[in-house]
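Those protein sequences? They're chains A and B, same order as listed.
52 is the number that the working numbering gives to position 37 of the first sequence; each next residue is one higher, with no gaps.
748 is the number that the working numbering gives to position 281 of the second sequence; each next residue is one higher, with no gaps.
Hints were generated in silico from the structure; no laboratory data involved.
Computed from a predicted structure; not experimentally measured.
Cβ coordinates follow ideal geometry from the N, Cα and C atoms, glycine included.
Any given hint could be a false lead.
[Unchecked claim] One-sided and incomplete, this derived list gives chain B residues near chain A with beta-carbon spacing under 7 Å:
(1) D613
(2) P614
(3) A657
(4) E705
(5) F708
(6) A709
(7) L742
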Amino acid sequence: MSLLAKAPEDGLARLWSAAGPEPAHRVLRAPETGAVMVRGRAGAVGAAFNLGEMTVTRCSVRLEDGTVGHGYVQGRSKAKAMTAALVDALMQTAAAPVLEQQLLQPLRAALAEAAAARSARAAATKVDFFTMVRGED
Amino acid sequence: MYVAVKGGERAIDNAHAWLAEDRRGDPEVPELSVAQIREQMRLAVNRVMAEGSLYDPDLAALAIKQSRGDLIEAIFLIRAYRTTLPRFGGSRPVDTGTMACDRRISATFKDAPGGQVLGPTFDYTHRLLDFKLAAEGTVPPAPTADPLPETAPHIMGFLDREGLIQSEPEGPDTPPDLTRSPLELPAERALRLQALARGDEGFLLGLAYSTQRGYARNHAFVAELRIGTVAVEMDIPELGFAIEIGEMTLTECETVNQFTGSKTEPAQFTRGYGLVFGMSERKALSMALVDRALRWKELGEDDSGAPAQNAEFVLYHSDNIQATGFLEHIKLPHYVDFQSELELVRKLRAQTAAGGVTATATAAQDCETGS
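I would like the entire structure built from these sequences, with the hints used as guidance.
This is the structure:
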C-alpha cells in the first residue's frame, strides 16, 4: 500500500491496464479526496507539532469473493485510489504472486531508480575540503 | 455601521472578464501550462504550499496561474480550497533523520559525518543575469557520483554527545491545532511552530534579521540545514496499522545558540528549529531564528522588549492571509462610514469657527467609527 501511495499515477495506470482486465468488484467507499495533517517534531526529536496538510484520496472495494481492499494515495486522483484499493484486495488472493511480479516489482524498481538518480547528483555536490594554510602558522 | 447597497454587478462581471483576458496576456505568446509552472517555478510552488499550508504541487501551480503570479493571492486560493477538504486524520511525526537528502550542510562542523552536500543551490553563484536562459535550449545532465548512503544522521546528535545541547522535551501525540481552535496566548511551542511554518516568509525574514542585528540576544549558528524527501506515515483505522500515504520534500534547519545559563538552566547550547514544506531555505532559517527568540521565557532569559520575543506580536501578524484580508478590506466600499467621518469633521470645524473649542471631545465621542 505504501508503494502504491507514492507511485506515479501514469506509471501505475500503465502497469495496471497491462496486468489484465479489472476484476469484478463492489465499491464500499467511493473515492474521496481529503486532507491529512502532517506532523513534525520540535528540534526533529521533541514534541510533535502540526506542520501543514497534504491531499490524500482514499477508496475501499470488495471483490466478488468478499476480499476487501483499501487504497490511500497521495494527491487527488480518484482513479489512482481505486486502482490502489483493487491491488490491495487482489494481493490478498491467489493473484498476489503474478501482481507482485507484473506491477509491484516494476513500480518499486522505478522508484528506487529515481531515488538513486537524485542521490547520485547529490553525491557529485559533496564537498572535499583541503586545508591550505592553518591560521596558527 | 453597515448599510447594504446594490449595484455594480455588470461592472464587476466585466472587470472579471477583463481580468481573465489580461491574465492570458498576448495571445501570440504560448500559454503557460500548470505542469510548466510546477516544474519550472518550483520555488514559487513551494512557497504557496508552505504558506497555503497544503502540500499539493499541482494545486499550488494552478493557484499561481490563476493569481497571475501574485503568490499571496495564490496562497489565499489554497487556504480557501483546503477548508473544503474533509480531514482524514493526522500523520505520525515525519522522521527527518531518515530524509533522502538532496542537500545537507553544516556551518558549525566542517567534518560532519556524512559530509557537506551542496545540492541544487543558488549559493556560490555570482548573481549575474544569465542571458543564455533567454534563449531556449537544452540543459546538459548534471554530473553524478556514487549514490550517498540512504540516510544521514542529524549533526545535532553529534554535538549532543557531550550533553552540551539543551534537550527537547516530549509532548502529547496529538498536538494543538490552530486550524481547529483559535490561537490563544500564551501559545505553547507546538502552536508557535505551526504558526511559523505557515507564516509569511517576508515577515519572518524581517523578524529573524532583527534578532541578528541585536533585537533579542540571539546569535545563531546553523548546526544543520537539510533538504530532501521524507515519507509520510499515517495509522489507518480500517487496517489497524500505519502505512506510508505519500512522500514530500521538506527543508529543515537546526540552529544552535550559545547560552550562558540562567536561574533554571546551566550554560549550554540552545536550539532553534525550522521545518517547511518544499525547498524553502530562507524561510526555514528565519523560522528557526524566530522560534529561538520566542523561547526566552522557558529558558529563563530576560525579555529585552524585542519584537521577535513578543509572541503576541509575532503570531498575530505572521499570517499573510489574515493580514492581507484585513489590510485589503479598506479598499472596499466604506461610503457610509466615511460619511459619518465627514459629518464629524464639518461639525468640529464649524464649532472651532464659532469659538466653541471645548465641544471637540464630546463630538468626537459621539462618532462611532465601525468598519
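How the hints compare with the structure:
At its closest, the beta carbon of D613 (chain B) sits 6 Å from a beta carbon of chain A; the interface hint therefore holds under the 7 Å criterion. A cut of 7 Å between beta carbons decides the hint on P614 (chain B): the least distance to chain A is about 4 Å, and the hint holds. The beta carbon of A657 (chain B) is positioned within 7 Å of a beta carbon in chain A (closest approach about 4 Å), and the interface hint is therefore held. With its C-beta approaching chain A no nearer than about 6 Å, E705 (chain B) sits inside the 7 Å limit, and its interface hint holds.
With a cut of 7 Å, the hint placing F708 (chain B) at the interface with chain A is violated, because the nearest CB-to-CB distance is about 10 Å. The beta carbon of A709 (chain B) is not positioned within 7 Å of any beta carbon in chain A (closest approach about 9 Å), and the interface hint is therefore violated. Taking 7 Å as the C-beta contact cut-off toward chain A, the hint placing L742 (chain B) at the interface holds, the least distance being around 5 Å.
Comparing the model with each earlier hint shows violations of hints 5, 6; every other hint is respected.
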